[in-house]
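Listed below are the residues making up each chain.
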Amino acid sequence: MTVMASQPVMASGQPMAAEQVMGLPGPEPDAAAAPDAHALPAITVRSYWQSVGYRLRHDPATLCFAAIVLLIVLAAVFAPLVAPDNPFQESIIGRLKPFGWRGHLLGTDELGRDMLSRLLFGGRVALLMGVVPVLIASVVGGTLGVIGGFAGGMINTATMRTMDVFYAFPSVLLAVAIAGAMGGGIANGMIALTLVFIPPICRVAETATTQVRGLDFIEAARASGARPLTIIRHHVLGNVLGPVFIYASSLVSVSMLLASGLSFLGLGVRPPTPDWGLMLSTLRQSIWVVPWVCALPGVAIFITSFCFNLVSDGLRAAMDVRM
Amino acid sequence: MRTYILRRILYAIPIALGVSIVCFSLVYIAPGDPLETVLPPDATAATIAQIKHIYGFDKPIPVQYVIWLGRVLAGNFGISIADGRPVILEVGQALKNTGLLALFAVPLAFTLGYAMGAVAGCFPGGWLDRTVTGAAVAGVSVPNYWLGIVLVILFSVQYMWLPATGMGPDGVSQLHLLQWRDLQYFVLPVITLAMIPIGIIARSTRAAVAEIRNQDFVQTLRAKGLSEWAVARHVLKNALPPVMAVMGLQFGYLLGGSILVETVFSWPGSGFLLSKAIINRDVPVLQGTILALSMIFVATNLIVDLLQSLVDPRLRRG
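So the protein lines, in turn, are chains A and B.
If you count the first sequence from 1, position 94 lands on 93 in numbering that gives the first Met the number 0, and the numbers rise without skipping.
If you count the second sequence from 1, position 119 lands on 118 in numbering that gives the first Met the number 0, and the numbers rise without skipping.
Any given hint could turn out to be false.
Among chain A residues calculated to face chain B with C-beta under 8 Å, some are [what the hints assert, rightly or not]: (1) Gln88; (2) Ala167; (3) Pro169; (4) Ser170; (5) Gly182; (6) Ala186; (7) Ser248; (8) Gly265; (9) Phe301.
Keep in mind the hints are simulated off the structure, nothing from the lab.
Beta carbons are placed, not taken as given, at the ideal position from N, Cα and C, and that holds for glycine.
Using the sequences and the hints, build the whole thing.
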């Protein structure tokens, strides 16, 4: 997935970039060993983000999957404009029809509603459930992790041991337990998923914070009289946000899968709202009539989560974060 | 070694207690009075007060927890709202059926995943390597219940080779695992459950094997004149501990994933029980099933850690 592009020769003896001090490699680490020694030493020093952008631009696979993700997002956002039909329009004579029946490109569902339109609208719930819980969990879990990691001692132990308890549940089980006890609905599903994602994100943030906490520049900042909040804002966050962002981006597809699973169990949106998981669950009864139409919502879930996964992998490679 | 085992077991106790607290609080995050889920809707005020006293709902919550924990430890998980049977019986029966699925799915996933990953790691860049890498990404992106539906469409709807749902004509009471008549019901759920863990285990095995093949001691083994097979044996043994950790997690994934897969196949296991409990809003059954499954997961993690330290003595010092 990573494309190691040949780099211009870097001048030796240049000041080390801050990223290198903190363990994140800056511009290509093997740049000094570039084979073409006769070329003029074109000195281009890229900042961390410039080199990330450079690596991303030279990774066609990730760009391609990012384009598909963008397409899916646009299709969901502009579903009312794109969809060929009203996703709620039922038809008694047009129930469970195969692909291409009377202009219904992807057939119709058990109430005669156009599948393509429902799939497009279903993307809205799927993306919402994929992104929102991860966002909230990143903020909450990240904050807890940074506080725990920076404070150390009892506070850290207390936070992390609490998180360990939630680690002791398989994620599906925890999501189903919380959503099942609170009752279905989008809001409850989001709360359940957020609670599922806080512990792992907290652990990532805590690990990253603990790693930088002991480094000299933190010591120096403390010696110069900086207050803890200032140190966290200026020196810790920059090193924690990268890993947390990468980890969270890999959770988006997990969140979508879990959310669709919840609504498959009847814990998600209420009918007739189009949602991929719910559609799978209601169409499951009709696999003997139009088998492949019934499998379509799963295809949508699979493609979306597959692309999100690959984009996240590409980002990880470009940002060179190891966890 | 003994101190390590003892310390690891002691460490599992607070985790198990924490898990039980989470399960205990499930009743309280359910909307409405927790009693509503226990009482029949036509109960009189006197009955309510009496039940409240019996269940200890008139006491402070920490005290209630201790009482509840005592009941659970004695094997009393409460009464199912849906059919009035003791939850422990329902959960026990369901766990037995899930266990039967796991009996086939777990060995299948672990051996096939490890074997595929090992071969892929020993021949990096080969066709199996690329297949494993691709299949693993697909594996984490695919909803397993949908995989089950697709398998049913393929093998039951299109070709009618295998039964789509259920557990066989006689249920678990007269199950003959050696007869095709009963065994055929296992094929699709087991494959569905095992498919995703196979991909994930294969990928982590591949990564572990590839990493260890780069270490100096492998070079030494080769220089010593060992055959490739003997070198591979050393590498695979060293790759086992990290893979075992992944296997432990995947066991939990199998347990959790069984919720959805069993729903698809109407398999009368713990997952099916859970989804029925959700539909009926049967909180005692929900609580009991979650508690049982998560305790199994805690125990598995403990066993995996101990096995890891058995294979890799370096871990015992940690």
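To see whether the hints hold, each was checked on the structure:
1. Gln88: 25 Å, violated
2. Ala167: 5 Å, holds
3. Pro169: For Pro169/A, the interface hint holds, since the closest Cβ of chain B sits about 3 Å away, which is under 8 Å.
4. Ser170: With a closest approach of 7 Å, the Ser170/A hint holds.
5. Gly182: 6 Å, holds
6. Ala186: The hint is violated - Ala186/A has no Cβ within 8 Å of chain B, the shortest such distance being about 12 Å.
7. Ser248: 14 Å, violated
8. Gly265: 6 Å, holds
9. Phe301: Since the shortest Cβ distance to chain B is 5 Å, the answer is holds.
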